[in-house]
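Novice: So you can see what is in the structure, the chains are spelled out below.
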Amino acid sequence: MASQPIKPKRITDIGPPNYENFLHPVIKSNYGQWKYHETLAPGVLCHVAESGARIYSVRAASPRLLSIQTLRLFASLADKYCGGYLRFTSRNNVEFLLDNPDNIEPLKKELAAEGFPVGGTNNSISNIVHTQGWVHCHSSATDASGLVKSVMDALYEDFVQEKLPAKLRIAVACCLNMCGAVHCSDIAILGIHRKPPQIRHDLLPKVCEVPTLISSCPTGAIRPATVGGKQSVEVIEEQCMYCGNCYTVCPAMPMNDPDNDGISIWVGGKVSNARTAPKFTKLAIPYLPNNPPRWPEVVQAVANIVDVYAKNAKRFERLGEWIERVGWPKFFELTGIPFTRYHIDDFKFAGLTYARSTHIRF
Amino acid sequence: MADNGKPKTELLDQLETGPWPSFVTEIKKAREGSPVCDDLLGQLELSYQEKKGHWKHGGIVGVLGYGGGVIGRYSDIPEQFPNVAHFHTIRVNQPSGWFYTSDAIRTLCDIWERHGSGLTNMHGSTGDIIFLGTRTNELEPTFKELTEAGFDLGGSGSSMRTPSCCLGQARCEWACYDSMKLCYDLTMAYQDELHRPPFPYKFKIKCAACPNDCVASIARADLSIIGTWKDDIQQDDAAVAAYAAGGLNIQKDVCDRCPTRCMDWDGATLTINNRECVRCMHCINAMPKALAPGKERGATILIGSKAPIVQGALLSSVLIPFIPADELLETVKELIGRVWEFWDEYGKNRERIGELIQRVGMANFLDAIGLDPAPEMISAPRDNPYVFFQTKSESNGN
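Chains as they are written, first to last, in the working numbering: chain A, 1 to 362; chain B, 1001 to 1398.
Careful: at least some of the hints might be erroneous.
Said to hold, decoys possible - DSSO-like mimics (lysine-lysine), calculated; alpha carbons at most 30 Å apart, straight line: (1) B/LYS1348 / A/LYS282; (2) B/LYS1051 / A/LYS195; (3) A/LYS279 / B/LYS1333; (4) A/LYS195 / B/LYS1056; (5) A/LYS230 / B/LYS1348; (6) A/LYS108 / B/LYS1029; (7) A/LYS206 / B/LYS1348; (8) B/LYS1202 / A/LYS206; (9) A/LYS35 / B/LYS1230; (10) A/LYS35 / B/LYS1295; (11) A/LYS279 / B/LYS1348; (12) A/LYS279 / B/LYS1202; (13) A/LYS206 / B/LYS1056; (14) A/LYS279 / B/LYS1289; (15) A/LYS279 / A/LYS163; (16) A/LYS109 / B/LYS1029; (17) B/LYS1056 / A/LYS230; (18) B/LYS1289 / A/LYS28; (19) A/LYS195 / B/LYS1202.
None of these hints come from the bench; they were simulated from the model.
Since the model is a prediction, treat every value here as computed from it, not as a measurement.
Full structure from sequences and hints, please.
Specialist: Take a look at the structure:
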């Protein structure tokens, strides 16, 4: 890098391109003037402006990890059917924005032929928000893309149809950092470590700052120690809850452990304010084995929860709202998931989740 | 190696079957022009065999004058997979609402074809365009081409992270303020904080134009700006009747699902007690042709959400119940200035603002940023009697 000559006209701090340059003319001329929308088919929305103008959106799944070859394909489909205008959703779907409804079916046909299903709207399972996993992350306890692929292959029909009681949003995070924000999803799939970090005493003094490392631990489980005459640390193992935070600040504390890493399943969170307040996901299954390439135990567990929810919830009831209505004992009974000591919180403010009434269903 | 000279990927190949689009297929597509992808597939196959990741993190890499936007990544087995020995991520600040033209997409693809793996994420969890995998010596040339094409880097580390937003008024009748413009204006206002990490830890801003919160701002942003309205829900009685005639059970599916039971349906007319409405959006979501947010629109500002690391996950909580839409930019900037000043002074290393507020207490935080307490900020007053009463001088004589 040092050999690169720095030109005087180097551009910095220009920020992102102005979005106005990328808006479809119908969107530009009706900006802030939308009246209502309707769903024409799963994955196909029609928004109607006060002026009577209409914009049609066709939403297709993507694996999030996209090659430039596929992006160019999306660009050429956008040229062919919608004047070159497209966008992506917060759940990594691609959306084509059309002003001519006659183009909807041919576009859908081409997307299907290229392997990109149309759907993900309303009471469906939309795309799974997820993290990098083994493709690109240093702290992942599992892969993310492979889990998403395996789960969505199994739940594909719920992406292309809208038959669930309400929307159902799934997220995958490959470690407790939760870059995928799984802490507020209907169903969350979370990679976990279950053993304290190994300590590379040979490496630690060279690559880590000990005070920073000690303060990184949420439970105060790391303390200074002299090992072999060198400054290092030790871990009070019974205080470690395997968050991996120490590894993020110190690469000499690796967490990866093929024999003990695995997956936990969480349920009942949401971010929308509709009906009930936003809520966190709660633990459903503390541990499932990490079983690539298809993670059959995880797929089966998620499919089972979706199935039980679909059969029992009332219309408009999100997974967490249904569980709150029928109660957690019923959730464990209907799903057949064993309730264990691990389900009872013992971190900060744990008592807030203890049952503090005699409201019990028999 | 397989016969074609490509690495054997027997486990990954199993992820190319089934109806859902495959990331393995994407990596294979990208290897047409990029030998990097062969080594990526090789290393990933090994991870699938061993159930173990093979990336090392860290290493300070970046572009000149910026302290963020590039995530250093190295293989821990570079002798086996030399083409991914360096495999850095570049975060590129996305346009508001993730809108593109096909030309813009092709421009990004061409740049990334010249300088990296040809693999992307559209988009990363915070919202950036992710260029996945390149070498240190390609960073500056990539940056040069990006800026010449009108793109810039996003945030990483202890910076203001790339703000993101829902599509708001571009295509949604529920938008209570112009989330795309506010996101853009805030991003432009804080380019320095975005590119040169000045804080104890990351700071995320997300702009959601209505309480449906399509960008998860209440769960994922240190500062959550969520659209709402003050006056009455706009109601079209004929359209309500049409929903009823069309089979929607208005009593059961709308009124009974209302969290404050503020609506009555007598079989012909829907009556809403708007003073009891909490603006949850359910009835509007259920009948988008018949109901709409009111006309006096703006946003609620909430603070402090984050994922679990370090002290546990938090949801944002209310800081300012309502700011009119046309005052949002100036008020939010004023607020951000005060919040950052306090955080800068009292925040510990890697302590998010939400965790700092938990540590010092919301009341002390309000004092510090000069906001008066309001009952909208809490779900209930305290239920313990351990009140620290202030001296006269501490409470400014109040």
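Novice: Evaluate each hint against the coordinates.
Specialist: Verification of the supplied hints:
no. : hint                 : result
1   : B/LYS1348 / A/LYS282 : holds (29 Å)
2   : B/LYS1051 / A/LYS195 : holds (15 Å)
3   : A/LYS279 / B/LYS1333 : holds (28 Å)
4   : A/LYS195 / B/LYS1056 : holds (19 Å)
5   : A/LYS230 / B/LYS1348 : holds (27 Å)
6   : A/LYS108 / B/LYS1029 : holds (22 Å)
7   : A/LYS206 / B/LYS1348 : holds (24 Å)
8   : B/LYS1202 / A/LYS206 : holds (26 Å)
9   : A/LYS35 / B/LYS1230  : holds (19 Å)
10  : A/LYS35 / B/LYS1295  : holds (13 Å)
11  : A/LYS279 / B/LYS1348 : holds (27 Å)
12  : A/LYS279 / B/LYS1202 : holds (23 Å)
13  : A/LYS206 / B/LYS1056 : holds (15 Å)
14  : A/LYS279 / B/LYS1289 : holds (28 Å)
15  : A/LYS279 / A/LYS163  : holds (24 Å)
16  : A/LYS109 / B/LYS1029 : holds (21 Å)
17  : B/LYS1056 / A/LYS230 : holds (24 Å)
18  : B/LYS1289 / A/LYS28  : holds (22 Å)
19  : A/LYS195 / B/LYS1202 : holds (28 Å)
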